[in-house]
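Produce the complete structure using the sequences and hints provided.
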Amino acid sequence: MSPSAARIDELLRNTRRSALHLEMRDGYMQDDPAFMEWKAGHRLDPNDRQSWWRPWLDVIAEATGRGVEVRRARIVSEPVSDYIRYEYDVTFPNVAAGEQVRWLPRRNASTIALPGNDFWLFDGRIVRWGHFSGDGDSLGGELTEDPVAVKLCAEAFEAVWDRAVPHDQYNV
1 MSPSAARIDE
11 LLRNTRRSAL
21 HLEMRDGYMQ
31 DDPAFMEWKA
41 GHRLDPNDRQ
51 SWWRPWLDVI
61 AEATGRGVEV
71 RRARIVSEPV
81 SDYIRYEYDV
91 TFPNVAAGEQ
101 VRWLPRRNAS
111 TIALPGNDFW
121 LFDGRIVRWG
131 HFSGDGDSLG
141 GELTEDPVAV
151 KLCAEAFEAV
161 WDRAVPHDQY
171 NV
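Residues in the sequence shown are numbered from 1 upward in steps of one, following full-length UniProt numbering.
By construction, these hints were calculated from the structure, which means they are not laboratory data. Only a predicted model underlies this, so the values are computations on that prediction, with no experimental measurement involved. Don't be surprised by glycine CBs; every beta carbon is placed ideally from N, CA and C. You may find that some hints are simply not true.
As the list claims (entries may be wrong) - The calculated EDC-like cross-link candidates involving lysine to aspartate or glutamate, where the alpha carbons are at most 20 Å apart (straight line), are:
no., residue 1, residue 2
1, K151, D123
2, K39, D89
3, K151, D162
4, K39, D137
As the list claims (entries may be wrong) - Okay, the calculated beta carbon distance ranges per label pair:
no., residue 1, residue 2, range
5, E10, Q30, 23 to 31 Å
6, G41, E145, 40 to 48 Å
7, T144, R16, 16 to 24 Å
8, R125, N47, 33 to 41 Å
Put into structure tokens, the structure is as follows:
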């Protein structure tokens, strides 16, 4: 598989132990229809699982069901942007699928050495960088197994995780 063709769902399906995801932007895909609907007042109903369950959550649930620890940490500026408020509101389905999510106010990340891009780290050996435009549109990704990159990502993620607030305790 070429580095640019690496899909996160495919990588996750092949993961055996852990998948770590670090997000560091205050906004992504500002023209996402779901975000636009949220801005217009639409909210997911936690009691209507059929309305919010989607194929990505099947991938997460399958992975966590076979013992893969899936953790996501988000570094956010405060006060949070509308997009982060949206992400917070739509995170409960990820948690329901078995993903652990934490939030770190950016002011508490100042002394952490962070990579320049968002990333996924699979089984402590494969990094998938996420590349985005200035407006938050996805420009695809890139894979590396470079030990220096893997080490940087693993250490950065754990430092963020240790300082971050669990999703159910974070207030936007």
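- prompt: Does the structure break any of the earlier hints, and which numbers would those be?
  reply: Failing hints: none at all.
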